[in-house]
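K.L.:
Can you build the whole structure from these sequences, using the hints too?
There are 4 protein chains.
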Amino acid sequence: MDTPAFDHTLFAGCAAQIIQHTRELAAKGWTPATAGNFSIRMSPEHAAITISGKDKGRLTEADIMVVDMANRPVATHHRPSAEAALHTHLYRKFPEVGAVLHTHSPNQTIAGLLYASEGRIRLRGYELFKALRGHTTHETEVDLPVVPNSQDMDALTASVDAVLTQPNTWGYLIAGHGLYAWGRDINEARRHLDAFEFMLGCELELRRLGVR
Amino acid sequence: MDTPAFDHTLFAGCAAQIIQHTRELAAKGWTPATAGNFSIRMSPEHAAITISGKDKGRLTEADIMVVDMANRPVATHHRPSAEAALHTHLYRKFPEVGAVLHTHSPNQTIAGLLYASEGRIRLRGYELFKALRGHTTHETEVDLPVVPNSQDMDALTASVDAVLTQPNTWGYLIAGHGLYAWGRDINEARRHLDAFEFMLGCELELRRLGVR
Amino acid sequence: MDTPAFDHTLFAGCAAQIIQHTRELAAKGWTPATAGNFSIRMSPEHAAITISGKDKGRLTEADIMVVDMANRPVATHHRPSAEAALHTHLYRKFPEVGAVLHTHSPNQTIAGLLYASEGRIRLRGYELFKALRGHTTHETEVDLPVVPNSQDMDALTASVDAVLTQPNTWGYLIAGHGLYAWGRDINEARRHLDAFEFMLGCELELRRLGVR
Amino acid sequence: MDTPAFDHTLFAGCAAQIIQHTRELAAKGWTPATAGNFSIRMSPEHAAITISGKDKGRLTEADIMVVDMANRPVATHHRPSAEAALHTHLYRKFPEVGAVLHTHSPNQTIAGLLYASEGRIRLRGYELFKALRGHTTHETEVDLPVVPNSQDMDALTASVDAVLTQPNTWGYLIAGHGLYAWGRDINEARRHLDAFEFMLGCELELRRLGVR
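Residue numbers (my numbering), protein chains in the order written: chain A, 24 to 235; chain B, 24 to 235; chain C, 24 to 235; chain D, 24 to 235.
Everything labelled a hint here was simulated from the structure, so no lab data went into it. Take the hints with a grain of salt, since some may be wrong.
Said to hold, decoys possible - Far from chain C, by Cβ distances over 10 angstroms, these chain B residues were calculated: (1) 30; (2) 36; (3) 46; (4) 108; (5) 145; (6) 172; (7) 174; (8) 176; (9) 178; (10) 230; (11) 231.
Stated by the list, open to error - Sample of chain D residues facing chain A (criterion: CB under 7 angstroms; computed from the structure): (12) 51; (13) 55; (14) 129; (15) 133; (16) 199.
Unchecked claim - Stretch-level coverage of chain D by chain C, calculated; a stretch enters the list once three of its residues show a Cβ under 8 angstroms from a Cβ in chain C: (17) 145–154; (18) 169–181; (19) 214–220; (20) 224–234.
All values derive from a computational prediction rather than experimental measurement. Glycine residues also receive a C-beta, built at the ideal position from the N, C-alpha and C atoms.
P.N.:
Below, the structure written as structure tokens:
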């Protein structure tokens, strides 16, 4: 008898957490037209990740698959999304990362286009910095990296890898595309995602008001 | 015994799909004051379509009727909405079209007014292009046609027909009025609708920020 | 045995309709901090109307009272809201009016402040005009009157009375305060309210975009 | 047998009210990334207050603790949030205060940054002033104080104390951080919170439109 490729009880628990968060994020309008990818690291070798092209407000366990850290499908006939490569890149690069959330809110899409030429959005003065692990005060600056979009996943992964140089960086934007945010577990990743979305919304509003 | 005019089981299934989507779209505020029309092609000859003037958040099967492709009512005492002509125009013109969704969101209404004189909105650089059937990259431009509004349905249909010249066009705007979007089935039409709405919202925001 | 002051079954039905609509309007954020008043004409002599100061998202039948057309309480120890006078004014002035809805959305509050000096907001080119009873085309202009706010209800009623001079006027704004909308029944009043709110939102957006 | 530190039935009732309001406020997006703190005065000596760092949309009674008016934990192993000091400051300073609500909406965060240098936001002409206890007309001005943010709670409390000089002041902003609002009970505090949020949103919108 073969050893199972992964622990199915563990998988079911990860899938349930992904489904709960994606439903909430879909209800906010951050996964328009089936956009977005969401994953949890199950083990050093495996991650549970959403299958591409599904309505994120209606996921079931059958819409979640397992990939290994080289982005190969495990015990499934599904092919992973091309963007699964960006998830496994983070798991390989940062051993403490336990979950990766990728959404496409209007604020994220617009901020990526606006700040692409600068390569980062410099955030200043937000009490909400304290929601980002490793940050304890509003009296600092937090840079959110912005990389250009590409349909070539190797090129996009290389762009991302090059900008993730600062400690306690918990997200990046892809111009015209959306946000990747992560954390040690899915609740922390979600807290980081919500904090970045909130601060991006404030930055855009401050630009509209002429003070950025 | 007469042959039934259409298959009632098929009709009930189409009506259920229309009701589900219209409730969701009404909840988003895209069908204000009973606005909007929604249809599914049932067969080469027939389409199920919403009756005009109903609150789209509270539809029941009794609020859906059948028209033939010349926009005549089938086995019903209801008269179709004048705008049913725009639905059957799409079914006649594009044999692959299986569903047509027409909404009136604020973004759609405003974008139609703003871009009416140009006859189209040119979208650039969105990852979300990939949600539109036949589009595979953000590195392109997508034109969403805009036609002037008219209460003369023949004139309006002719305006629309004249601008639908490009392959893989999945929507158009009527100035001051709203969006028509379509697809091979209602889920694809909805994905196209959601993608256009999202990108129109981003375009308006980029104009507010002075970069369009 | 005394004749009952009004038909309690009729009252219960009117209260149920008011409660349903106010809950929906509260959920939209149009009744902030207990703002808003809502009524239905029960008979030539009586109207059911919300008691002042209640959270409009949590109304029960006990939060609805009856007034006569001189704004006097009927068979209740509750005192009517001062603004009940604006409801009964409409019932006296327009025999066809069956329901009056008064909300305070941000768009309504802001538009009232912006256009107070002009005394009206001139709306142009909206397909949604057709949602207003008696209007059949977008190729017209619709004026929504704007009156200055006052805590003196007689003065405010006189201001309102003076501006309601055009046929098929179904609403007015009070500057810094909110919208009154009405119709032959509560569903029509709601359709008018939703249509005005939508068009006010579009007008403000067009101003932000520099085209109004 | 020891006297219990506080009345547990009273505590359970206060916790239930806090949970209801925080769920509603979280659903509005005013407690991003676990932000916000909420309390009710239980007695002259004690207040029930949310534990820091919890998702405010999913609170249970176990996420509420008791502090005394010197901000010390009572009969619990939990440590109070640093910001609990701002709650007890209000309870000590104003004997009539029965509940304190602290949220971080985008409008609150942005308005605090925009008006920090002026030390207050001057509100004018809103009918909604009447939702603030002690105010009876729109024909006045209401100042909402704004203090600079600080991670030093003693310094922040001193800043707050210095600006709370006017009668019938029911809130203040901390720049880049959020709003504190209060009332004689939690329903009044909530009405004040909702009224301030609404008027801040209108003020920002009027600035965008160039009339502030």
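K.L.:
Hint by hint, say whether it matches the structure.
P.N.:
Hint check results:
Every Cβ of chain C is farther than 10 angstroms from the Cβ of residue 30/B; the closest lies at roughly 33 angstroms, confirming the non-interface assignment. Distance check on residue 36/B: its Cβ is at least 29 angstroms (rounded) from any Cβ of chain C, clearing the 10 angstroms threshold; non-interface status holds. Distance check on residue 46/B: its Cβ is at least 14 angstroms (rounded) from any Cβ of chain C, clearing the 10 angstroms threshold; non-interface status holds. Interface exclusion of residue 108/B from chain C stands, the closest Cβ pair being 15 angstroms apart, more than 10 angstroms.
The beta carbon of residue 145/B is kept farther than 10 angstroms from every beta carbon of chain C, the shortest such distance being approximately 17 angstroms. At the 10 angstroms boundary, the C-beta of residue 172/B falls inside the reach of chain C, the nearest C-beta of that chain being 5 angstroms off. Residue 174/B, annotated as away from the interface, has a beta carbon of chain C within 10 angstroms; the closest lies near 5 angstroms. For residue 176/B, the shortest C-beta to C-beta distance to chain C comes to about 13 angstroms, beyond the 10 angstroms cut-off, and the non-interface label holds.
The Cβ of residue 178/B sits about 12 angstroms from the closest Cβ of chain C, beyond the 10 angstroms cut-off, so the non-interface label holds. Residue 230/B, annotated as away from the interface, has a beta carbon of chain C within 10 angstroms; the closest lies near 6 angstroms. Taking the minimum C-beta to C-beta distance to chain C, about 6 angstroms, the non-interface status of residue 231/B is violated against the 10 angstroms cut. Violation of the interface hint for residue 51/D is found here, the shortest Cβ-Cβ separation to chain A being roughly 12 angstroms, above the 7 angstroms cut-off.
For residue 55/D, the shortest C-beta to C-beta distance to chain A is roughly 4 angstroms, which falls under 7 angstroms, so the interface hint holds. A cut of 7 angstroms between beta carbons decides the hint on residue 129/D: the least distance to chain A is about 5 angstroms, and the hint holds. At about 5 angstroms, the closest approach between the beta carbon of residue 133/D and any beta carbon in chain A falls short of 7 angstroms, and the interface hint on this residue holds. With its C-beta approaching chain A no nearer than about 4 angstroms, residue 199/D sits inside the 7 angstroms limit, and its interface hint holds.
Coverage of the stretch 145–154 of chain D by chain C holds [criterion: at least 3 residues with CB-CB distance below 8 angstroms; count 5]. A stretch counts as covered by a chain when three or more of its residues have a beta carbon under 8 angstroms from one of that chain; for the stretch 169–181 of chain D and chain C the count is 0, and the coverage is violated. Look at the stretch 214–220 of chain D against chain C: 5 of its residues bring a Cβ nearer than 8 angstroms to a Cβ of that chain, three or more, so the hint holds. Here's how the stretch 224–234 of chain D fares: 7 of its residues keep a CB closer than 8 angstroms to some CB of chain C, so the rule of at least three is met and the hint holds.
Of the hints listed earlier, those the structure fails to meet are numbers 6, 7, 10, 11, 12, 18, in rising order.
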